[in-house]
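Protein chains: 2
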Amino acid sequence: MSQLRRDPITGRWIIVNYEKIVEPEEFSFAKVAKSESIEKCPFCYGNENLTPPEIVAHRKTGDANSPGWTIRVVPNKYPALGALGELRKAGFGIFDRMNGIGAHEVIIDIPEHSKDIADISDGQAEEVIWSYLGRSTDLRKDPRFKYILIFRNYGKSAGASLEHPHSQLIALPIVPKRVNEELQSSLEYFNYKDRCVFCDMLSQEMNDKERIVEENDFFICFAPYVSRFPYEMWIMPKNHESHFVSLQKDEVFPLATILRNSMKKLKKLLNDPPYNYIIHTSPINGHEKEYYHWHIEIMPKLVNVAGFEWGSGFYVNPIPPEVAAKNLVGVK
Amino acid sequence: MSQLRRDPITGRWIIVNYEKIVEPEEFSFAKVAKSESIEKCPFCYGNENLTPPEIVAHRKTGDANSPGWTIRVVPNKYPALGALGELRKAGFGIFDRMNGIGAHEVIIDIPEHSKDIADISDGQAEEVIWSYLGRSTDLRKDPRFKYILIFRNYGKSAGASLEHPHSQLIALPIVPKRVNEELQSSLEYFNYKDRCVFCDMLSQEMNDKERIVEENDFFICFAPYVSRFPYEMWIMPKNHESHFVSLQKDEVFPLATILRNSMKKLKKLLNDPPYNYIIHTSPINGHEKEYYHWHIEIMPKLVNVAGFEWGSGFYVNPIPPEVAAKNLVGVK
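Each protein sequence line maps, in turn, to chains A and B. As numbered in this note's numbering, residues 14 to 345 make up the first sequence, in order. As numbered in this note's numbering, residues 14 to 345 make up the second sequence, in order.
These are calculated hints, taken from the structure and not from any lab test. Quick reminder that beta carbons are idealized off the backbone N, C-alpha and C, glycines included. Please note: incorrect hints may appear among the correct ones.
[Stated by the list, open to error] With beta-carbon atoms standing in for the labels, derived distance ranges:
hint	chain 1	residue 1	chain 2	residue 2	range
1	B	285	A	281	32 to 40 Å
2	A	90	B	153	51 to 59 Å
3	A	266	B	335	49 to 57 Å
4	B	100	A	213	21 to 29 Å
5	B	50	A	48	27 to 35 Å
6	B	345	A	48	33 to 41 Å
7	B	204	A	213	28 to 36 Å
8	A	65	B	205	42 to 50 Å
9	B	153	A	125	52 to 60 Å
[Stated by the list, open to error] Below 25 Å or equal to it, Euclidean Cα-Cα: the simulated PhoX-like pairs (lysine-lysine) are:
hint	chain 1	residue 1	chain 2	residue 2
10	B	44	A	169
11	A	33	B	90
12	A	47	B	44
13	A	53	B	33
14	A	102	B	206
15	A	169	B	280
16	B	169	A	169
17	A	280	B	169
18	B	206	A	190
19	A	345	A	281
20	A	206	B	102
[Stated by the list, open to error] Pulled from the structure, derived: some chain B residues nowhere near chain A, Cβ distances all over 10 Å:
hint	residue
21	37
22	50
23	53
24	152
25	204
26	302
27	303
Bound conformation, chain A alone:
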């Protein structure tokens, strides 16, 4: 028999399958390719001239746009949005439109072509988080932007257009729909209960203990009770905080290690699956201090989203999150 579960944050239902639980080795997902030659990879040492000039880089040696960096941030060569110009809004019959103003940056956060977050050192993982914070802090100063989205697509089927693992950042002139939905629902919950819905979720997860994957003094990584996807994981700060950029200096290292360790378990258990992870945070100048709680959602791409999911917004998950967490915890 299956079970339907509903998330109070988004009102989303999932269908959890209990009848025929898929084993980790049974998923037939698209393998992450490792074939592209390093000579032509624009994100490898020595090919810095194949990207637009860097916006910023962490480096101990070398000049700008040359090898020696540990993190390199460049404008996306084929941006979804363009950084130049003024925002212009207009109607078109019943529709609205505007020009595509925004920043689209690539954060090349691992110099090695075939390493991912799972494979890097504590120190490099910490640099990744610092780069996210640095770019966020910088772009928040541009008054045209209302939201900064940081995400990582790993593997072609998860939307990565280049093999060399990397993160991306998009700064948007509006608060996106998906974020507004979360803000709206968490405000409603707060108005009703005078508590943050994410804090309540956190305390339920910490009491149940059944779905926790990793934990340290500052963060928890768990398979959410309402996981849309098999082996979905969320990383959440234990202390209530609405903005990712409010991360304290002493929280950077714990965040880096919980992210790296969780990704390592996922990679090992499922044999290097494609995935997306996304930082969910409050809008720039957002006033959600009390009711929103930033977090990272990690969504492995093990199954294909089909007509039922598109038509209903229901997700069918072939692995109860309790089983997913148990399997992940068991990875040595």
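Chain B: place on chain A using the hints.
Using the frame of chain A, we list chain B on its own:
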């Protein structure tokens, strides 16, 4: 430069790329497999014993569960929801849950293993529509169900688990979130304008003429102004009608042919792409007569949904719908 467009029905924004328009032959999507041997295919003639016994079939010859059918409807062997039992709802801390009651049926609507909607005759296409209507009408009588979702997944990357093309139907004990969002927004539009938002969209498309793919006396097929995906198409009845099951007898054939013809253009232009199509309709016993308008959304699976889409609800479309429609119309 890219353009942002917003849909009044869902509030969804898309980013349309104008800079580097992808040609039809440039998409590198997962090919639809045709390798599975017909001997073992549960949806081919002679293998009727490999599925659960049929619920209903259209046939000119043969007994139940034997060859000779043109349409065969069977319960899904691995249903997302189970048809037996009473609905039980409960809380679980901050979450809601219920048991997985529902019907999950497979509509084997093409006897030939390697033919799809694009390849069938007018008569067979008409039977497909009749089978959708027949199952909908039947399942609406079950008081446990609130919504009937009919969809088609074609190709593994679009979520099809078997090669032999088929449609599916899921009857749900609740109105799904995605449908509620559409209903809510179209009600708001109606309250404000006293008109159906879909009728307004239809009249704008018919005036602009730029995005129309196919048309007959009763239906229009167009690439919507706010297409999330490259070559997305919507089929909409010209006369306002909220429920798919209200389809009149003389509308069945025109619907069948516009669907078949549109799918034929898509298949030919893009070399047999995977896709999902979904019938969007009012809930059972829904009172949306005035403000909701049923339609079919056809979503080719040419690109992968990535972190940006998941995190924002924005979709990046590499083909302006105007170009998509022009290319589709040009298919001979």
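*Least C-beta distance between residue 53 of chain B and chain A, which was stated to exceed 10 Å*: Residue 53 of chain B clear of chain A: closest Cβ-Cβ about 17 Å, beyond 10 Å.
_At 10 Å, judged by beta carbons, does residue 37 of chain B keep clear of chain A as stated?_
19 Å, holds
*Does the claim that residue 303 of chain B lies outside the interface with chain A hold up, using a Cβ gap greater than 10 Å?*
About 17 Å separates residue 303 of chain B from the closest Cβ of chain A, which puts it past 10 Å; holds.
*Given the proposed pairing of residue 44 of chain B with residue 169 of chain A, does the C-alpha separation stay at or below 25 Å?*
Distance of about 15 Å is within 25 Å: holds.
*Find the nearest Cβ of chain A to the Cβ of residue 204 of chain B and say whether that gap is larger than 10 Å.*
15 Å, holds
*Would you mind confirming whether the straight-line C-alpha gap from residue 280 of chain A to residue 169 of chain B stays at or under 25 Å?*
23 Å, holds
_Agreement of residue 53 of chain A and residue 33 of chain B with the hint, judged by alpha carbon distance not exceeding 25 Å_ = 21 Å, holds
_Verdict for residue 285 of chain B, residue 281 of chain A (Cβ pair) under range 32 to 40 Å_ = Holds, since residue 285 of chain B and residue 281 of chain A (Cβ atoms, about 37 Å apart) stay within the stated range.
*Mind verifying the non-interface call on residue 152 of chain B? Its CB should be farther than 10 Å from each CB in chain A.*
Given that every Cβ of chain A is farther than 10 Å from that of residue 152 of chain B, nearest at about 15 Å, it holds.
*Range hint 49 to 57 Å: satisfied by the CB atoms of residue 266 of chain A and residue 335 of chain B?*
For residue 335 of chain B against residue 266 of chain A, whose Cβ atoms are near 51 Å apart, the range 49 to 57 Å holds.
*Hey, residue 345 of chain A versus residue 281 of chain A, does the alpha-carbon distance stay inside 25 Å?*
9 Å, holds
*Take a look at whether the Cβ-Cβ distance between residue 90 of chain A and residue 153 of chain B falls inside 51 to 59 Å.*
Cβ of residue 90 of chain A to Cβ of residue 153 of chain B: about 52 Å, so the range 51 to 59 Å holds.
When each numbered hint is compared with the structure, no violation occurs for any of them.
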